[in-house]
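**Student:** Take a look at the letters that make up each chain.
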Amino acid sequence: MKYVLFICTPADGEELSPEEIAEDPRFTSYIDEVRSRDIVKGGARLRPHTDATTVRVQGDEVLLSDGPFVESKEYVAGIDIIEVADLDEAIALASRHPAALGGGSVEVRPVWE
Amino acid sequence: MPDVEEAVTVAFREEWGQVVATLIRVTGDWDLAEECAQDAFAQALDRWRRDGVPRRPGAWLTTTARNRALDVLRREAVGAAKLREVAVLARDEPSYEPEDASGDGRGDDSGVQDDRLRLIFTCCHPALHIEARVALTLRTLAGLTTPEIARAFLVPEATMAQRLVRAKRKIRNAGIPYRVPPAHLLPERTTGVLGVIYLLFNEGYAATAGAELVRTNLCAEAIRLARVLARLMPDEPEVLGLLALLLLHDSRRHTRVDAAGDLVTLEDQDRTAWDRAEADEGTALLEAALRRGRPGPYQIQAAISACHTNAPTAEETDWADIAALYGELARFVPSAVVRLNRAVAVGMAEGTEAGLALVAELADEGDLAGYHLLPATRADLLRRSGRMDEAAEAYRRALELVENDAERRFLEKRLAECRSAWSRFVGGAKAPLRHWSR
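These protein sequence lines are chains Z and G, in that order. Start counting the first sequence at 1114; every next residue gets the next number (my numbering). Start counting the second sequence at 7; every next residue gets the next number (my numbering).
Isolated chain Z, as found in the complex (with noise of 0.2 Å):
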């Protein structure tokens, strides 16, 4: 089965930058095991929730309005596509993500496929 995981963290937590997250313990041993696993199928890693822009329609008005739609003490700061054969799989991984470890949260979402 296909989920999306996503990595959720706290809106007033660190932020860190790309190449501290490279030499962060926590986070290459986590990209190691789903890279040595192959079951990352794409992600990303998203800038925090300040810089999101909503876009709703209204008729054929569009509405844009700065920040998230939903204001929450956590954002989603990334997300993982990953294969795995079933839920408990996909929860080992996400419990292992720094996120989850650290504070934040990770949302499994199954693929609809």
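No wet-lab data here; the hints were simulated from the structure. Using N, Cα and C, we set each Cβ at its ideal position, and we do this for glycine too. Some hints here could point you the wrong way.
Claimed, not checked - Keeping only pairs whose Cα atoms sit at most 30 Å apart, straight-line, the calculated DSSO-like set for lysine-lysine is: (1) K174/G x K88/G; (2) K1154/Z x K1115/Z; (3) K1186/Z x K1115/Z; (4) K1186/Z x K88/G; (5) K1154/Z x K419/G; (6) K174/G x K1115/Z; (7) K1186/Z x K1154/Z; (8) K88/G x K1115/Z; (9) K176/G x K88/G; (10) K1154/Z x K174/G; (11) K1115/Z x K176/G; (12) K88/G x K1154/Z.
What the hints assert, rightly or not - The following label-pair restraints were derived from C-beta to C-beta distances: (13) E293/G x I1194/Z: 50 to 58 Å; (14) A1157/Z x A48/G: 51 to 59 Å; (15) E20/G x I1194/Z: 44 to 52 Å; (16) P340/G x P1131/Z: 38 to 46 Å; (17) A366/G x V1168/Z: 56 to 64 Å; (18) A422/G x D1199/Z: 40 to 48 Å; (19) D1199/Z x A294/G: 34 to 42 Å; (20) A1157/Z x D411/G: 52 to 60 Å; (21) T165/G x V1168/Z: 53 to 61 Å; (22) L1214/Z x R282/G: 29 to 37 Å; (23) R172/G x S1185/Z: 53 to 61 Å; (24) G267/G x E1196/Z: 37 to 45 Å.
Go by the hints and put chain G onto chain Z.
**Tutor:** Using the frame of chain Z, we list chain G on its own:
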């Protein structure tokens, strides 16, 4: 032929979960599995009348249900691959065939047993909402109907039906595996299953009035499920511990409330009315579990329950043992409620002052703020030490927080007792007091 009806009823209780479990594995379709199981039981009524009750009703029902599933799948022209799969599974399991009259039906059921375990673990998967786990367990494993489950949980039937539909959809769409978890997940998942069964039992145990009889039935269902689990996982001491705990609690269930529906405390209960056979079975199971040398929270709670159940009179209760057991339990379950229970036991074993000191400690920590049993416990210890005015004050505080009606009536009764004891005391002192006030 009433015998046949009786046989079908018994088979339903004994075999429903197993038939559904096997059909889910074979078809991968929870709804179809339920439908076909239902159909097989309906057919049993007719066919058993005509042909007699088969030697192994479970095997007959499973085969009949599976054949029905094959028919449905064929009619729906489901992919040939799936049909082959079902047919192959049918061939691989000769022990299901009713014409296979060899053996006594025991010993070659390992595959079937695994199916029921698969079903238990899947129903209790932690990715499902706890309410969904409970509902699914009662529906698919215990065979309760949706209206029955709805009544037991005091929700409209449509709500319960929706809950079951959602749960099954999540299992399918989220890829929750239909299996007994692998070794590294097993301890944690087993704890989850035990939690669902215990919750079920407590739902029934909390029910008091006659109108809530449908809820008390949950106790019997929980015990039945715990028995199944204990048969399937005989080497897990906590599984035995849970069954022991349920039996020990249940042996005292009928004396917990009086005819008026009012709570009766353990010390006031009629011990001769306790179900001795149930208590003895629970005690024996507990001993068997403890012999394995791997204690856990259910075994310890069962041991506490056994201390109460096996004391010939309330006065002979071994409170020191109980206090020690609560101390042990707190190591596994670091909860303020466990420590509050320990405070009661310490108060009974070492004197009310020692108990009150522990209660004060818990009150200072604030974890139990708003929990009516904190002031109620304090009140009881004060009452026992004769400090009636302070006890009354604490009962009033507890009454502000209590939600359950039976408990409220109990606390009000206690408060009234404190007041009358206090007024007797003050009444006796009335004259001198007047003198002083002059």
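**Student:** So, for every hint listed, does it hold in this structure?
**Tutor:** Cross-check of the supplied hints:
Only pairs whose Cα atoms come within 30 Å are accepted, and K174/G paired with K88/G is accepted, the gap being roughly 20 Å. With a C-alpha separation of about 9 Å, the suggested pairing of K1154/Z with K1115/Z holds against the 30 Å cut-off. Distance check on the hinted pair: K1186/Z and K1115/Z sit about 28 Å apart at the alpha-carbon level, within 30 Å; holds. For the proposed pair K1186/Z and K88/G, the alpha carbon gap of about 46 Å is over 30 Å, so the pair is violated.
Of the supplied pair hints, the one linking K1154/Z and K419/G is violated, its CA atoms being roughly 66 Å apart against a limit of 30 Å. As the CA atoms of K174/G and K1115/Z are separated by approximately 19 Å, the hinted pair is consistent with the 30 Å bound. For a cut-off of 30 Å, the pair hint linking K1186/Z to K1154/Z stands: about 28 Å separates their Cα positions. As the CA atoms of K88/G and K1115/Z are separated by approximately 22 Å, the hinted pair is consistent with the 30 Å bound.
Taking the CA atoms of K176/G and K88/G, the gap is near 22 Å; set against the 30 Å cutoff, the hint holds. Pair hint K1154/Z plus K174/G holds up; C-alpha atoms about 28 Å apart against a cutoff of 30 Å. Taking the CA atoms of K1115/Z and K176/G, the gap is about 15 Å. The hint holds against a cut of 30 Å. For the proposed pair K88/G and K1154/Z, the alpha carbon gap of about 28 Å is at most 30 Å, so the pair holds.
Here the CB-CB span from E293/G to I1194/Z is close to 53 Å, well matched to the stated 50 to 58 Å. Our hint of 51 to 59 Å for A1157/Z and A48/G holds, since their Cβ atoms are close to 55 Å apart. Range check, E20/G to I1194/Z: Cβ separation about 46 Å, and the 44 to 52 Å hint holds. Checked against the hint of 38 to 46 Å, the C-beta distance between P340/G and P1131/Z comes to roughly 40 Å, which is consistent with it.
At roughly 58 Å, the beta carbons of A366/G and V1168/Z sit within the given window of 56 to 64 Å. Separated by about 59 Å at the C-beta atoms, A422/G and D1199/Z break the suggested range of 40 to 48 Å. Separated by about 35 Å at the C-beta atoms, D1199/Z and A294/G satisfy the suggested range of 34 to 42 Å. The given range of 52 to 60 Å is respected by A1157/Z and D411/G, whose C-beta atoms sit roughly 56 Å from each other.
In this structure, T165/G and V1168/Z break the distance hint of 53 to 61 Å, their C-beta atoms being roughly 36 Å apart. Checking the proposed 29 to 37 Å range against L1214/Z and R282/G shows it is violated: the Cβ atoms sit about 52 Å from each other. As the Cβ distance of R172/G to S1185/Z is approximately 24 Å, the hint placing it in 53 to 61 Å is violated. The supplied range of 37 to 45 Å is broken by G267/G and E1196/Z, whose beta-carbon atoms lie about 57 Å from each other.
Violated hints for the displayed structure, listed by number in ascending order: 4, 5, 18, 21, 22, 23 and 24.
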